[in-house]
Amino acid sequence: MIKLTIDGREVEVEPGTTVLEAASKLGIEVPHYCYHPDIGIDGNCRMCLCEVNGNTNKLAIGCKFPVGEGMDVKTASDAVVKARKGVLEFLLINHPLDCTICDQAGECPLQDYAYRFGPGDSRFREPKRKGPKTVEFSDKVMFDTERCILCTRCTRYFEVVRDSRPIGVENMGGASTITLGPNGPITDPYQMNIIDICPVGALTSRDFRFKQRVWFMDFADTICPGCERGCNITAGAYQGKLLRFTPRRNPEVNKSWMCDDGRLSYKTYNLDERVRGATVAGESVAMDDALDKVVELVGDGSGVAILASTVDTCEELAAIGEFAKLSNIEHIWHGEKSWEGDDFLKLPDATPNTAGAKALGFTNVPDEAPALRGLIVAGDVGVPSRLLESLDFLVLQTPVAGALGEAAVVVLPGRTALEKKGSWMNHDGRRQAVKPALDPGADVPADWEIWRDLASAEWTSFAELLALANASLPEVAAIGTDEYSTIVGPNEQAQHLVIQAAKS
Amino acid sequence: MGKVVERKKLTWFQELYLPQVVQGLGMTFKQMFKKEITLQYPEERQQFYDDYRGAPGLVKDQEGREKCVSCQLCEYICPPKAIVIKPGEIGGPDNVAETEVNENVEKAPKEFFIDMLRCIYCGYCEEVCPEEAIFMTSMYELNGQTRAELVHDKDRLYEIGGTRVDTIQKWKGK
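Order-wise, the sequence lines are chains A and B. Taking numbering that gives the first Met the number 0, I'd label the letters of the first sequence as residues 0 to 503. Taking numbering that gives the first Met the number 0, I'd label the letters of the second sequence as residues 0 to 173.
Calculated directly from the structure, the hints in this document are not laboratory data.
Result set (EDC-like, lysine to aspartate or glutamate): computed pairs, CA atoms no more than 20 angstroms apart in a straight line:
#1 Lys266/A - Asp93/B
#2 Lys73/A - Glu9/A
#3 Lys336/A - Asp348/A
#4 Lys210/A - Glu110/B
#5 Lys85/B - Asp217/A
#6 Lys109/B - Glu131/B
#7 Lys132/A - Asp93/B
#8 Lys81/A - Asp6/A
#9 Lys210/A - Glu135/A
#10 Lys85/B - Asp97/A
#11 Lys169/B - Asp97/A
#12 Lys210/A - Asp93/B
#13 Lys129/A - Glu102/B
#14 Lys109/B - Glu158/B
#15 Lys109/B - Glu130/B
#16 Lys169/B - Glu125/A
#17 Lys171/B - Glu145/A
Let the hints inform the model, and build the full structure from the sequences given.
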């Protein structure tokens, strides 16, 4: 281990660590553009200059400079502040004053750093460099030549992470630009990640382009419901409509990446029509009456099965399990949904909580299903047609009833994956917090509340349910209830909450 | 307890009562021969100084091109939240261009609403606008049969704002 001092504070790090990483361990921010923790070091932007051992003649770039024993690093000395101002002045020579129409504005490191560390003025009076502003890199990514600061994060992303080179740097010196390779538009299924890592607005999403300024949007740190991987994402919504998903860094799950399919799947969660309030035989009734009807239909529980969607959270599944136990329902199954996986992040199981469902005692629907009197379907799940034969009653608890809605005796409302609160267990057995990005309104209660009222359960609050779920998931470390109190509403300050399963 | 103010006794001259009547009549006659200051509204209109803050309107330049790029700063700054903008892309899938598409302009408002029942005429929108596209006009007569009529849409706002000569026209010479 190597001991060094950064801004007067001592830190101990592994040999080979860079100054920037050591500083971030202390919570000291060293501004940078070209360095990215998941792509690696390049050292071209010169933004991370630090003063090492009082050498003000030659400042070192923090992203590449390795630590040494007894080193004395200053990240905000006079020389550093002056040098940063110079670097920013250079970066801004050719950067257009596009902030008014730029999608990156509001979440732009160039804007932020120029404001915090920049000179506030430019001594360059020459006209700025001109170039094409709408270069279509593909049907998903748009490139703006003028805004680019040539940090080459995008080209290095493809080289390092995707092992391909669809784009590269063309020409030399002041004429350099990022350009498409000879094979035409980018076809990579993970290409939209370059939009997030671009520190300026040079690469923008053609899907999100000009939809909304980010400062008007509400963000929720949650999990992508697309597949079993459980990529950490930030869901951005405006006035109750989702506008985008962006990956949130989690080095142990998805690093800083997510697939384009998952990213664009936000559209399926903006429901135009949905189940609101309860209906019995097509007539809308009060929720309590509908629940009484379900209890009456279930009776002693014989010949009844529950088919739960694996989009439901561990807590909801625990509540369903509790209801099944109290009503003597022996068959509790989980639904299945799959898509084509690949060798990077996308997994074939297209639901986020199959591992959680299995851990809570839910099983696949058996090929030889027993004769059923009744079926209760929880969540938006494909019901195998063999289960629907010879049914006396069908109960649906789902956000979208679809074709099954007409066959169902009782239809109860449900929440979509982006309206849920709780946790999902990914394929690794890692339990991750899910927070609601949308609020469907009072006539769509939380799924766990419906199951609690159905079971007339003894527990009433979410904290008690959480304790119940923890008890049913033996291999997972118990989670303190106060950690979950951070999962509240869509407008809550974004907070990371990752619950690591205790793995033996 | 309040202070008891003693009522002053009137003098004999004040008690006469007639001098006050004469004084009042004098004032009346003086006004009759003075220059009139009452405006015969609506036939006559008041002349406003240039920076009078009436209803806000959007302007176009001399070539009929929208100046607004829907940066939404006015929506952000508006204290009573009267402004709602839906941005759009020029030449994109839902082309919102009012005139011919120019490759130097990318963004324009698809929809632009100002709720005049909310507007407090503070003029912040005009002040914050980086494109000089929104101005407080001298229009002060706002009425309608319904509330919806007083939510000005894009067409109405351009009608109110009219045309302003743009000396820079930065989209042109690029």
